[in-house]
Amino acid sequence: MSIALSVDELASRSRRRQRREAFVTHLCLVLGVLIFAFPIYLTIIGSTHDVNTIGRGDVPLLPGAEAVANYSQAWGVGGGRFMGVPAGMMLMNSIIMALCVAVGKIAISLTSAYAVVFFRFPFRMLAFWLIFITLMLPVEVRIIPTIQVMVDLNLTNTYQGLIIPLVASATATLLFRQFFLTIPDEYVEAAKIDGAGPLRFFIDVIIPLSRTNVAALFVILFIYGWNQYLWPLLIVNDRSLETIVVGLTKMIGTGDAQNEWNVIMATAVLALLPPVAVVVLMQRWFVKGLTETEK
Amino acid sequence: MATLTLRNIKKSFGATAVLHGVDLDVADGEMIVIVGASGCGKSTLLRIVAGLETASSGEVIIAGQNVTPLEPADRDVAMVFQNYALYPHMSVFQNMAYGLKIRRLPADEIRRRVDEAAKLLGIGALLERKPRQLSGGQRQRVAMGRAIVREPKLFLFDEPLSNLDAKLRVQMRAEIRQLQKRLGVTSLFVTHDQVEAMTLGDRLVVMHAGHAAQIASPMEIWEKPADTYVAGFIGSPSMNFLPATLLEGGGAVRLDTNGLILPLLDGPRAGQAGRKLTIGIRPEHLQIGHGGLDMLVDLVEPLGGESVLHGKLPDGTPITARLQGAHYVDGMMGVILPLESLHVFDAETGHRLEAGA
Amino acid sequence: MEKKVYFRGIALPYLLLLPQLVITGLFFFWPAGRAVYQSFLREDAFGLSSQFIGFENFADVLGDPTWLEAALRTLIFSGAVALLALGAALFLAVQADKHIRGANTYKTLLIWPYAVAPAIAAVLWLFMFHPNIGIFGRALNAMGIPWDYKLNGNQALLLIIFAAAWKQVSYNFIFFLAGLQSIPKAVLEAAAIDGARPMRRFWTVVFPLLSPTAFFLLVVNLVYAFFDTFGIIHSLTQGGPGKATETLIYRVYTDGVMNLNFGSSAAQSVILMILVVGLTIVQFRYVERRVHY
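Chains as they are written, first to last, in my numbering: chain D, 1 to 295; chain V, 1 to 357; chain C, 1 to 293.
Just so you know, the hints here were simulated from the structure itself, not pulled from any lab data. Predicted model only: the values in this text are computed from it and were never measured. Among the hints, erroneous ones may be present.
[As the list claims (entries may be wrong)] EDC-like mimics (lysine to aspartate or glutamate), calculated; alpha carbons at most 20 Å apart, straight line:
1. D:288 <-> C:64
2. C:4 <-> D:9
3. V:130 <-> V:115
[Claimed, not checked] Ranges of calculated distance between the beta carbons of each label pair, as one might list FRET restraints:
4. C:108 <-> V:181: 49 to 59 Å
5. D:195 <-> C:202: 25 to 35 Å
6. V:13 <-> C:102: 38 to 48 Å
7. C:145 <-> D:50: 22 to 32 Å
Every residue, glycine too, gets a C-beta built ideally from N, C-alpha and C.
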């Protein structure tokens, strides 16, 4: 079949094809990267100009001189048409929320998975299925009644209200359970022979072994907590408790051209820094953890 | 049907040179076994022939045609992989038909070829199954079937028996050899197992650190290994090596270990008195007797009809003997070296020295 | 599925499970139960009196033409988002899987957008497509295309589709890349030797082996488009102009929070719950039948 064309012809075709393919691959990837980088780039640039330039629609492609002014205003005072909430305060709220949600979810899932895997007790599998079912009920679906519950419990407008309901985690529990199932029985037997009780075993053996999973989950859950929108929107009215994601969109309102766009853009950049930093710095664990929860 | 020629194949991965210039001429229908330890470059060589790697320099010529710049798809070769590499989502039939479908063979021709190959390999009943439902040996046969139906110019085998258990390996070894002889397709077979090499190949290529140390028939390699590496690699247990010096006139050597003098029956070796040599003697050639070496046996491995004895010479040099019979015990034993079974190598280069060399 | 060796005692495991069960009970099952209960009631706006009306709320919802429109709209929206996000991610993953220089840098640069919240993705796209201050918004208007997503319903829908898809590509990319890397290299080499060129290799070997991942991602993307996109809609269009970008989840919000129509909102929630449960079950069933090598 291949003898139809001369060897030389096939050879040069193959060389040309390889070069062309490599070029196309790079082109596509660069295009892809640009599509994702461009909006951020634009926003960063915008945050360094004054409000009039942006308001006029003279969208700049190079940085301006107002970086310090914009960011200090965003940080300390806030923007938007109403009394602004300082981004510094909102960042703090977001960080507290995301950290507590991530740590809380990890802690709770570690203990739950441990209980379900390493013990036998009545209703064990029932407990597991109850936790598992929650996988199918994202918060948005049950938002109204959940808010009602929070009102009844007097937990609106509090950090606890923001954080606690989000702390239960089916995904993390599932992941840990799967991981614990792969831990060889010999570890438990050795612990028993050494006289270690279950709590000791948990602290001295299970937790160190789970390090990589914990790291991966931390990234996923931190992002989850940081990116929450509907929940903080409804549970918190007090603007001093506002998270930066919600606060940012409130600043924009309906997208009036009269907004203090420069400050808003600076706030957007600030809102992106912590989560992006977490993802980029912990990328390897994160990718590993994500692709393993699938199974 | 095709001949294969490799001309000065060199390959480097970045700064690391893996193949240092390999030349090989394979006749039509020949089965060549490429054997060597891990990392010697044998798989790389095979992949270069397949087109899965590109040589840094050199040429691959199949059936007189220079295929060096061609893609694997255009070379008309078939390969059996170590892990079989069957298409997991296709049935056995579809696995075998895949290459033929691409070449747009008519459906009945495809059916015919697949059925024939399946009959040859004894897998006719498995045609509708998926790979995950097959045992290791069955998968291996499907992999071979996939190669056979293509009726290619070359068969390439990349350590296909390594993942089978010992008994199956021996059985498949024979089957592959019979099949290859019957079909008469020129074949390259890569393995690290020297027993496989000896039994399968018309000729062997013993690879060592990116060089072809020796290319010859199995018996020639066994009887006249080209250097100490080949001598130590082929044959189990490995050949014993004893340092020695050439005596005046070159007609005899003196062993360093105990001064024993051994005349060289096939002729003198060139060189000054005192030239450093290595004398090789296979464990199976050593005989019990006095006047040779004093061996302190510290381990006896009874194999049934034979025994392998491990021990040391007085100066600490390890020595192995393979003797008939059983019931050997630890302790001192005298062994003699039959002069017709000696191998002479240059101590520095390791090359075999024939008479006059 | 089970460990053969375990610890004795029941007090400790109950204790360990307690926090999660309490939270799950309080904040999942109780509200879910209340939603189901409320969906059978009609309450007045102050919650002072309620009337059991059986399935009337459901009938009202399912018979309401605007709800049905929203359902259709949600379907179109989700389908478009899933298609875009999956297609782009698969394409990029295939390119990133090739052995070219800088592959790892490309991967990092394509993964970090995972960190962007849907709401913020919306804000970024707003910055670009705002008719007055956005670079593309202005460009479109300058070219003679009357672009104002605050007035044109179709443009608004287009905008949220793109913003939502944009945000989701990273997640899909990570999974597709992992899926591609789990295909044994030797299988692709065998295909190459069998005579298959790259395109053919992709459609006859790679894509079939990738299909479990693709199916999993499809379900995840659909759930994402149904629910997580609330932030995008709320930031960009608030469901408008008119009802052009109102999806089912947004309706739950407007009916429940803005209009205080708890009964209807609850019924809508229940309907959506059934849908999600259905989707998740389908996904797990299919995932169990995945190809194992």
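Status of each hint after checking the structure:
no., hint, in the structure
1, D:288 <-> C:64, "violated, 46 Å"
2, C:4 <-> D:9, "violated, 65 Å"
3, V:130 <-> V:115, "holds, 17 Å"
4, C:108 <-> V:181: 49 to 59 Å, "holds, 54 Å"
5, D:195 <-> C:202: 25 to 35 Å, "violated, 58 Å"
6, V:13 <-> C:102: 38 to 48 Å, "violated, 19 Å"
7, C:145 <-> D:50: 22 to 32 Å, "holds, 29 Å"
Of the hints listed earlier, those the structure fails to meet are numbers 1, 2, 5, 6, in rising order.
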